[in-house]
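Protein sequence lines, in the order shown, are assigned to chains X and S. Just so we're aligned: the first sequence equals residues 1 to 200 in the numbering used here. Just so we're aligned: the second sequence equals residues 1 to 934 in the numbering used here.
Please note that a few of the clues may not be correct.
List time: in silico DSS-like cross-link candidates among lysine-lysine, alpha-carbon distance up to 25 Å [as the list claims (entries may be wrong)]:
(1) S:Lys924 with S:Lys212
(2) S:Lys829 with S:Lys244
(3) S:Lys497 with X:Lys137
(4) S:Lys356 with S:Lys826
(5) X:Lys137 with S:Lys757
(6) S:Lys113 with S:Lys217
(7) S:Lys672 with S:Lys148
(8) S:Lys198 with S:Lys113
(9) S:Lys827 with S:Lys492
(10) S:Lys924 with S:Lys356
(11) X:Lys137 with X:Lys161
(12) X:Lys12 with S:Lys121
(13) S:Lys701 with X:Lys137
(14) S:Lys73 with X:Lys161
(15) S:Lys873 with S:Lys73
Derived list of chain X stretches under chain S, where covered just means 3 residues or more per stretch with a C-beta under 8 Å from a C-beta of chain S [unchecked claim]:
(16) 46 to 53
(17) 67 to 81
Here are the computed distance ranges between Cβ atoms for each label pair [claimed, not checked]:
(18) S:Glu838 with X:Pro173: 34 to 44 Å
(19) S:Lys859 with X:Leu56: 39 to 49 Å
(20) X:Ser140 with S:Val49: 43 to 53 Å
(21) S:His619 with X:Ser140: 53 to 63 Å
(22) X:Glu94 with S:Met667: 52 to 62 Å
(23) X:Glu170 with S:Lys859: 51 to 61 Å
(24) X:Ser140 with S:Glu825: 25 to 35 Å
(25) S:Val36 with X:Glu94: 26 to 36 Å
(26) X:Asp69 with S:Ser240: 23 to 33 Å
Derived from the structure by calculation, the hints contain no laboratory data. Glycine included, every Cβ here is placed at the ideal spot set by N, Cα and C.
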Amino acid sequence: MVGTEYVPMTPKAAKEIWSAKVNGESVEELITSNAILLDVLRDQVGTLGVKRGCDLGTCGCCTVIIDGDARLSCLCLAGQVAGSEITTVEGLSEGAHLAPIQSCFAEHGGSQCGFCTPGFLLSAQALLTENDSPSDKEISCAIEGNLCRCTGYQQIVDSIKAAAEIHRGEAEPVQPASNPHPNPHPEGPDQPSMPPGHAR
Amino acid sequence: MSAGYRQQPNSARKDGKRVAGKQVFPPPGSGGSDPVMKERDLNFIPESVGGKEPQPAGSHIHDRIRTGTVIGKPLPLVDSNAKVTGQAWYGDDVRLANESIGKILRSPHHYAKIISIDTSKVEALPGVIAVATGADSPHSFGVLPVTKDEHAMAVEKVRHMGDLVACVSAVDEATAIEALGLFEIEWELLEPVFDPKKGLEDHDDPIHWRGKYHLAKTNVQKRVFQEFGDRSLVENPFSSSHGKWTMAGVHHGFTEPHAVVAHWDPNGRLQLYTPQQVPHYTHRALSTVLDVPMHQINVIRTFVGGGFGGKSDPFPHEMCAAILARKSGRPVRITFDREEVYWINRGRHPSNIEVKMTADDEGRISGFDIDALIDGGGFASFGHVTSYYNGVLATAPYELGSFHYTGARVWTNKPASGAMRGHGAVNTRCAVEVGLDEMAEEMNVDPIDLRLANLLPPHSRTITGFRITSNGMREALERVREGSNWDEKFRKLPLGKGIGIGCGFFISGSGLPIHWDPNRFPHATVHIQVDMDGGVTVHTGAADIGQGSTTAVAQVVSEVLALPIEMIHVRSHESDTSPVDLGSYSSRVTFMNANAAIRAALDIREKLLDAAWDILGYHPNTLIINDRRIYYKHDPAIGVSYLQALHKAQEDKGALISSGSYRSPPMGGVHKGAAAGLAPAYSFSAYVAEVDVDIELGLIKCTNVWAAHDCGKALNPLAVKGQIIGSCHMGLGQVLSEKMVYGRTGHLQNANLLEYKIPSIHEMPHVEPIIVESSDPEGPFGAKEAGEGPLLPILPAVVNAVYDAIGIRYNDLPLTPDIIFKGVEKKRKKLKLEEATELPSPRFTHGPKSIELQKSLMKRSQEHKKRDLARQKTEDTSPYVNGVLFGFDPNIPLEDQVEGWRMATEPDPEQLAELGLAGRAWLKKEQRQMESEK
Numbered sequence: 001m002v003g004t005e006y007v008p009m010t011p012k013a014a015k016e017i018w019s020a021k022v023n024g025e026s027v028e029e030l031i032t033s034n035a036i037l038l039d040v041l042r043d044q045v046g047t048l049g050v051k052r053g054c055d056l057g058t059c060g061c062c063t064v065i066i067d068g069d070a071r072l073s074c075l076c077l078a079g080q081v082a083g084s085e086i087t088t089v090e091g092l093s094e095g096a097h098l099a100p101i102q103s104c105f106a107e108h109g110g111s112q113c114g115f116c117t118p119g120f121l122l123s124a125q126a127l128l129t130e131n132d133s134p135s136d137k138e139i140s141c142a143i144e145g146n147l148c149r150c151t152g153y154q155q156i157v158d159s160i161k162a163a164a165e166i167h168r169g170e171a172e173p174v175q176p177a178s179n180p181h182p183n184p185h186p187e188g189p190d191q192p193s194m195p196p197g198h199a200r
Numbered sequence: 001m002s003a004g005y006r007q008q009p010n011s012a013r014k015d016g017k018r019v020a021g022k023q024v025f026p027p028p029g030s031g032g033s034d035p036v037m038k039e040r041d042l043n044f045i046p047e048s049v050g051g052k053e054p055q056p057a058g059s060h061i062h063d064r065i066r067t068g069t070v071i072g073k074p075l076p077l078v079d080s081n082a083k084v085t086g087q088a089w090y091g092d093d094v095r096l097a098n099e100s101i102g103k104i105l106r107s108p109h110h111y112a113k114i115i116s117i118d119t120s121k122v123e124a125l126p127g128v129i130a131v132a133t134g135a136d137s138p139h140s141f142g143v144l145p146v147t148k149d150e151h152a153m154a155v156e157k158v159r160h161m162g163d164l165v166a167c168v169s170a171v172d173e174a175t176a177i178e179a180l181g182l183f184e185i186e187w188e189l190l191e192p193v194f195d196p197k198k199g200l201e202d203h204d205d206p207i208h209w210r211g212k213y214h215l216a217k218t219n220v221q222k223r224v225f226q227e228f229g230d231r232s233l234v235e236n237p238f239s240s241s242h243g244k245w246t247m248a249g250v251h252h253g254f255t256e257p258h259a260v261v262a263h264w265d266p267n268g269r270l271q272l273y274t275p276q277q278v279p280h281y282t283h284r285a286l287s288t289v290l291d292v293p294m295h296q297i298n299v300i301r302t303f304v305g306g307g308f309g310g311k312s313d314p315f316p317h318e319m320c321a322a323i324l325a326r327k328s329g330r331p332v333r334i335t336f337d338r339e340e341v342y343w344i345n346r347g348r349h350p351s352n353i354e355v356k357m358t359a360d361d362e363g364r365i366s367g368f369d370i371d372a373l374i375d376g377g378g379f380a381s382f383g384h385v386t387s388y389y390n391g392v393l394a395t396a397p398y399e400l401g402s403f404h405y406t407g408a409r410v411w412t413n414k415p416a417s418g419a420m421r422g423h424g425a426v427n428t429r430c431a432v433e434v435g436l437d438e439m440a441e442e443m444n445v446d447p448i449d450l451r452l453a454n455l456l457p458p459h460s461r462t463i464t465g466f467r468i469t470s471n472g473m474r475e476a477l478e479r480v481r482e483g484s485n486w487d488e489k490f491r492k493l494p495l496g497k498g499i500g501i502g503c504g505f506f507i508s509g510s511g512l513p514i515h516w517d518p519n520r521f522p523h524a525t526v527h528i529q530v531d532m533d534g535g536v537t538v539h540t541g542a543a544d545i546g547q548g549s550t551t552a553v554a555q556v557v558s559e560v561l562a563l564p565i566e567m568i569h570v571r572s573h574e575s576d577t578s579p580v581d582l583g584s585y586s587s588r589v590t591f592m593n594a595n596a597a598i599r600a601a602l603d604i605r606e607k608l609l610d611a612a613w614d615i616l617g618y619h620p621n622t623l624i625i626n627d628r629r630i631y632y633k634h635d636p637a638i639g640v641s642y643l644q645a646l647h648k649a650q651e652d653k654g655a656l657i658s659s660g661s662y663r664s665p666p667m668g669g670v671h672k673g674a675a676a677g678l679a680p681a682y683s684f685s686a687y688v689a690e691v692d693v694d695i696e697l698g699l700i701k702c703t704n705v706w707a708a709h710d711c712g713k714a715l716n717p718l719a720v721k722g723q724i725i726g727s728c729h730m731g732l733g734q735v736l737s738e739k740m741v742y743g744r745t746g747h748l749q750n751a752n753l754l755e756y757k758i759p760s761i762h763e764m765p766h767v768e769p770i771i772v773e774s775s776d777p778e779g780p781f782g783a784k785e786a787g788e789g790p791l792l793p794i795l796p797a798v799v800n801a802v803y804d805a806i807g808i809r810y811n812d813l814p815l816t817p818d819i820i821f822k823g824v825e826k827k828r829k830k831l832k833l834e835e836a837t838e839l840p841s842p843r844f845t846h847g848p849k850s851i852e853l854q855k856s857l858m859k860r861s862q863e864h865k866k867r868d869l870a871r872q873k874t875e876d877t878s879p880y881v882n883g884v885l886f887g888f889d890p891n892i893p894l895e896d897q898v899e900g901w902r903m904a905t906e907p908d909p910e911q912l913a914e915l916g917l918a919g920r921a922w923l924k925k926e927q928r929q930m931e932s933e934k
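The task is simple: from the sequences and hints, build the whole structure.
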């Protein structure tokens, strides 16, 4: 925004109807023909989990999965991906159940401030969908386009490895702590809870 | 009731007040979702109260309130589910109905007077809603009360390229951007200053004018002189080092650009949503700038997408949004693009640092001179403090014979520097640690042994009078030495491979708050309220910027009340509901907020135990509080559920609400600047870094880091490790690649993440985090900070490792390939070698004298180790001040027993001639002195 010379903006682009499948749901939006996918997703579709970090394709915060590939939505015209299947971070979880990659990021400290997290999650998810036993090198290459300033990446790699184990079926998915207990009164409602191992 | 269950005793209490009758127990699983009470986890209950948790550093005052619930266990952050689902709401995610988009017009000139601004064309543009200029906000503000030199928008002149000139809000972003081009501004260009050295000279138009306190007509914002100790020790040194450093400015590089949403609600109150580390200072500044009392403003901290100090100033764009929203009556959202983030900056100061050190023939550090000229950019920000920190935080953990510091911070026409992780301490720490390495090289002794033989013990005072309590420096050094296999590698690796050591020392919470006067106002306050069904809501103003302060507060409450952490809800977003808190800076949150939270939780716990006493008839001292149940120590069958005690307490005393606060103890000396660097506790760290240097390409690859940090007690090891590894990442960026590049014309050339090189995953070494627990006597459960201190040692560790690899000392940061290459070529030509790959690798060249010295150092460090252990466990409580190593008596003031022991905050007239670069600021006189001379 530096400068005082007045340069008139280019004439406003024509409007067009854009449709795509975002997180499994068909959406239709009236967009300008030169709209950036990131803007459409954030301002019109309302998936605010897609983050804007740099607008230059350098930070990876705006990564989304388009037809199976992790791509940067800030470097993508919405028109280019009309009709595609787009997954944002909101589409990773199934209802109240976190995807393995999400619960592992929470569990292993893969997310600190959390701003870069959606981008990392989607880059990692795209990797794990293709390859559920990635090597260290493959993990590094999958997330090389994502910058994280908090974690130093080490715990992110740990999280992705843990999620890969779940994908391979070698580990149990993490149960969310707040899952209500199926039977809150196993011994009847008037039984006091006792120190474990202590005879009643 | 099933068999075997014993009812409460039917006896009356001794005071006869109450008879404990038969009680119908409420359903099990009272509060929380798990019906079965969890066993007391003895592994997380300290030895001193009958648990199994080892306490090498001795017992702690909080041991008796440990319940083994969460403290010391690796826990995910309590808000991590919001972050992994995309539901965390950051600044730009706040979307209010009927919002308008604000944009800021930034200065195209480095330094210029604004003659006039014509906004008529802007206002005429369809779609523009409101326009504001400097005339709308005459009041100045700033984070420090002594240096309020910022305005929402430039009032008289712009001070750097990108400085705010005007702002506009419009129906959409495109219109707002178009409107920015329609301002008609008449400028009068002024002569800009870019070089901090020029800032020391007189200038026709100093960037700011401080009236009678202004230093001649220079651009010096703050000058510092500090001298402690016996200067005679410096004469005839056995060994010495001298480093002249140039360190580039670096930026925090947080991933979330600044964003703000302002909205004046129908009652005329301002609701301001902003990702702020320090919402309270923004609150104050808004009140001043908008002329509105603080209670008419609600500052809502959104999730913060990384702060690192870069979101701790009150920012002009926050004022702009509020002004535009007030003018238009519509919510205004302003989001920065990445370039604007660099214009507002507040990153680490570009510094010119000179460090001279001397050691005597016993390997004691006799002289320690620092001269730091730091480039503050256009505004003061935290600079007043930074100029002190550059000197005083470099002294410990070493025992020094003398300390001499001259510092100056100058204004230049560049984006303002400010606080960044490791505030003020990082650059000088690097220079000092490399200086020590040089001295060890000259004396032919092991640098770790040199350090180990010169450490201050726990419970001692540094040369500048800081009170050190717990001190895990020795253990940190020993553990990285062992972990890295140091003795097998140092000075033994082939050319191109090297290993280096660095130490760190940082404050754990600033001892004096910035704003409070009188200073007895608490630093942190936490309120707790308990719901009917047992849920606990904690109100705190602590700003979670990703470091996990919300988790830390939830954890301590959970631990004290022995409740599952899911039952603790921390509310910290709104200034309306949270008690005043000074925010997340100077690594204060864990120490101060957790301490306040413990006090508040203890109040609730006491009320619950009293209620249990009433029901059971057993004194609280004999009751154990465990997971949602309180029971008699000697017979766990006798007890009440948490909910039962809670209801009893609520029946007797009404709603269960408590408040706890923390204020730091009185500390420090009386000299000018004594308050800078004071802290209730200090963290210590030691890193060993291993590097591969491609000697032909000049590329450095850091391969391994062993990172030991003394955080007192790791409340949450997962978070502490995350902080340590993250600090390594940020420090590596500064030492290897990050640099704010200012061109010949003063223009910032790399205001984007493409050319500003933050390490990606490929540049990250493997980091082995090592947690050292020294159990601080005043920390919450013994904890100290872990957020900033771990950054300091990585820089010198890498620089020293590069020397070990190729035998060349570098004094310019970052160590980019061109700098490495230049150094290699210079040395190759000097040694008349054909190929750079023939350079000699540095090796020990032991002589009889150095072997003797090495042995005496090792002997001394063994003796000191015993001394430290006794002091850490408070078996030895004798006073210890800096200087005992030199044979002084700690019970007599040093001035009285040592001839020539000096403590000065202003130079003597004869010293003026010898001062270093920054010291030259002392050659100038303040305006008031000049006036009085006339």
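**Asked** What are the numbers of the hints that this structure violates, sorted from low to high?
**Response** 17, 18, 19, 26
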